[in-house]
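J.: Letter by letter, the chains look like this.
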Amino acid sequence: MSAPNLKIENLHVSIEDKEIVKGFNLEINGGEIHAIMGPNGTGKSTLASAIMGHPKYEITEGSVILDGQNILEMEVDERARAGLYLAMQYPSEISGVTNADFLRTAINARRGEGNEIPLMKFIKQLDKKMDLLDIDQEFAQRYLNEGFSGGEKKRNEILQLMMLEPKIAILDEIDSGLDIDALKVVAKGVNEMRSPEFGCLIITHYQRLLQYITPDKVHVMMQGRIVKSGGPELAQRLEEEGYDGLKAELGIVDEAEEQEV
Amino acid sequence: MSTEVTGVQYDSDYIKSFSKDRHEPEWFTDLRLKGLQWVEELPMPKPEKTRIIGWNFTEFEHQPSAKSFSSLEDLPAKIKQLVGQGDQSGNVLIQHNGAPAFRSLTKELEDKGVIFTDLATALKDHGDLIRKYYFTDAVKADENRLTALHAALVNSGTFLYVPKNVAVNVPIQTIYWQENPNAGFINHVIVVAEQGSSVTYVENYLSTEESGAPVANVITEVFVGDNAKVQFGSVDNFSENMTSYFNRRGRVENNGKLEWALGQMNEGNTISENLTDLIGEASAADIKAVSVGRGDQKQNFVNFIRHFGKHSESAMLIHGVQKDSANSIFNGKTKIEHGASKSDGEQTQRVLMLSDQARGDANPILLIEEDDVVAGHAASVGRVDPIQLFYLMSRGITKEDAQRLVIHGFLAPVVNQLPIEEVRAQLTEVIEGKVQ
Ligand SMILES: Nc1ncnc2c1ncn2[C@@H]1O[C@H](COP(=O)(O)OP(=O)(O)OP(=O)(O)O)[C@@H](O)[C@H]1O
Ligand SMILES: [Mg+2]
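From first to last, the protein sequence lines stand for chains L and F.
Numbered as in full-length UniProt numbering, the first sequence ends at 261 without a single skipped number.
Numbered as in full-length UniProt numbering, the second sequence ends at 436 without a single skipped number.
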């Protein structure tokens with residue numbers, strides 16, 4: 001298997017005719033972990049959702065290429081089967097569908113008809129990953145995310161990541177709402193995935209997660225685009241100074257954000 | 001003559017000779033003749049918000065030919081797979097085009113006095129019992145044109161009788177298999193659970209003939225005695241060409257309990273009315289029903305519970321899916337009569353719509369004529385949430401499969417709670433077939 005490559009070029013995304021992402025560029029290769037940090041409302045989730053194909057977001061310009069394929073021309077499920085994964089900031093709850101049934105359907109969708117995963121193999125894999133993530137066995141039979149606590153939902157996003165083994169994953173605030181033990185568990189899951197065949201983009205507000213998952217690159221996003229990139233030390237600096245120092249350095253003036261609460 | 005039926009003129013002479021051929025008791029023949037008269041006098045039932053003008057309820061062939069089978073092995077796979085297996089087996093009645101085609105009842109149950117047979121046989125062997133329950137306290141023959149037509153032309157039926165204090169621990173099952181393009185299936189089911197008894201009854205309705213315009217007119221009367229318990233399960237699965245009238249009634253005495261578990265999976269136009277009267281003190285009823293409307297079928301479902309007894313309790317949980325340009329009305333009624341103090345009636349009806357052309361209405365009605373009671377209702381009509389679909393599809397699941405999961409998920413709270421395992425399994429399969 002060759003190392004995957006995701007190339008985002010000059011991406012512009014609007015929601016309800018308001019441009020949120022304004023010329024975003026980033027390339028992620030297999031084996032790399034990138035982190036994006038940035039103030040609330042700067043378009044991080046918009047970027048992630050638009051790449052996955054969320055129905056509410058409109059891409060007005062730019063391209064997203066995964067291993068040479070233009071994924072913007074694909075349906076959401078095709079993007080996923082091409083190797084893309086998005087751990088969502090706010091995962092949906094699906095009543096009446098068990099976690100296990102859902103996961104098996106998702107795995108089989110990738111494997112295709114006639115090549116379904118044998119039930120025993122599936123159960124073994126699921127058991128193993130749930131163990132690793134400290135998820136109680138009963139969650140396999142719980143309805144998908146229904147009534148899950150915030151932290152349980154996040155863990156469940158990582159469980160899916162581990163079961164589906166995508167080429168490129170975007171993790172949108174996978175650390176928000178996690179207690180310190182859960183944070184370590186989630187980091188363990190992501191680190192377990194690390195390999196030349198896997199690339200990852202982590203969206204986070206906190207340097208803390210990056211202590212457990214060391215990123216290769218850290219990018220700061222403001223006003224819909226990357227305004228600065230660096231190594232892990234950049235995250236450290238933001239933790240200490242907040243965004244004001246960086247804004248002053250780059251001469252960024254708040255406009256839209258001011259109205260935001 | 002307003003009862004026009006293909007081929008034969010259904011006048012009193014026809015009915016007399018039909019009844020005579022079947023060696024029916026005189027009172028029964030008389031009731032048929034009265035029915036015939038009422039057909040002309042009475043109006044059609046008027047389901048709220050569903051127009052049934054033009055639906056074929058009255059034109060059909062009354063005596064289609066039928067097969068019988070000496071062994072279950074001879075049944076086609078489609079029918080055989082419906083028959084309970086293993087420890088669920090042994091008590092089954094199969095009716096083909098309205099006539100008994102196969103029957104088995106374990107000796108153990110027979111020895112305990114359980115009666116389980118087709119209506120014609122029951123009329124011969126247990127005429128007095130039938131007379132006590134047939135069109136007496138539950139359904140009246142002169143309610144409307146279709147009940148009258150039923151009384152006049154009934155040509156199929158089942159009688160299940162469980163004597164006092166007999167607990168039947170295996171399900172009793174009837175399979176009604178229609179296989180005729182023009183048959184009129186006029187089926188009457190009577191279930192009697194005497195004081196202190198208990199029984200689980202499961203029925204399957206299906207038709208395997210896709211052409212023509214057959215008709216079903218089904219009336220069911222369930223009597224639950226003091227301290228008795230009946231679990232009544234059904235999977236109605238008639239094909240698209242069939243027009244159906246289902247009228248199911250229950251009467252529950254002191255401390256009795258009646259649980260309905262209905263998979264209302266007909267593919268054709270259907271009126272279904274389910275009424276349970278909680279007569280006795282501390283009597284209870286529970287209705288769980290699921291349906292999937294598709295194509296351009298129209299359906300009207302009334303679920304109605306009337307509380308007469310003090311401390312009576314009822315719960316209703318109805319979930320319906322509407323696909324394509326299907327149109328269904330769900331009317332849930334709970335009535336607490338004066339005197340039924342300390343009663344509790346709860347109902348929930350939910351409709352999920354999968355297309356812009358589909359229509360679904362859920363109308364909750366509570367009629368309370370007593371102060372000291374608890375009653376509640378919830379009703380909703382909603383569409384599949386596009387964000388949910390996005391979430392599922394973002395894991396690689398196709399849109400069709402994502403919808404299928406959401407539908408199963410929507411019906412699961414009802415299906416999973418159905419008290420009868422066979423109904424649950426069969427229903428899951430039927431639903432699977434419909435949502436693909
Ligand atoms: N459905 C929507 N309708 C209108 N505006 C929206 C919608 N979704 C997002 N926005 C706006 O787009 C902007 C970017 O939102 P986005 O969720 O991408 O920010 P974010 O960087 O992920 O913020 P956070 O760090 O708080 O998660 C915000 O101003 C938000 O209000
Ligand atoms: Mg966000």
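Calculated directly from the structure, the hints in this document are not laboratory data.
Don't be surprised by glycine CBs; every beta carbon is placed ideally from N, CA and C.
One thing to keep in mind: the hints can contain errors.
Stated by the list, open to error - Listed next, with one range per pair, are the computed distances between beta-carbon atoms:
#, chain 1, residue 1, chain 2, residue 2, range
1, F, Asp371, L, Gly150, 43 to 49 Å
2, F, Ser355, L, Arg194, 52 to 58 Å
3, L, Leu132, F, Ser71, 51 to 57 Å
4, F, Gly382, L, Arg142, 48 to 54 Å
5, L, Gln69, F, Lys46, 42 to 48 Å
J.: Each hint should be assessed against the structure and marked as holding or not.
T.: Hint check:
no., hint, result
1, F:Asp371 / L:Gly150: 43 to 49 Å, "holds, 44 Å"
2, F:Ser355 / L:Arg194: 52 to 58 Å, "violated, 44 Å"
3, L:Leu132 / F:Ser71: 51 to 57 Å, "holds, 55 Å"
4, F:Gly382 / L:Arg142: 48 to 54 Å, "violated, 22 Å"
5, L:Gln69 / F:Lys46: 42 to 48 Å, "violated, 60 Å"
Checked against the numbered hints given earlier, this structure breaks hints 2, 4, 5; the rest are met.
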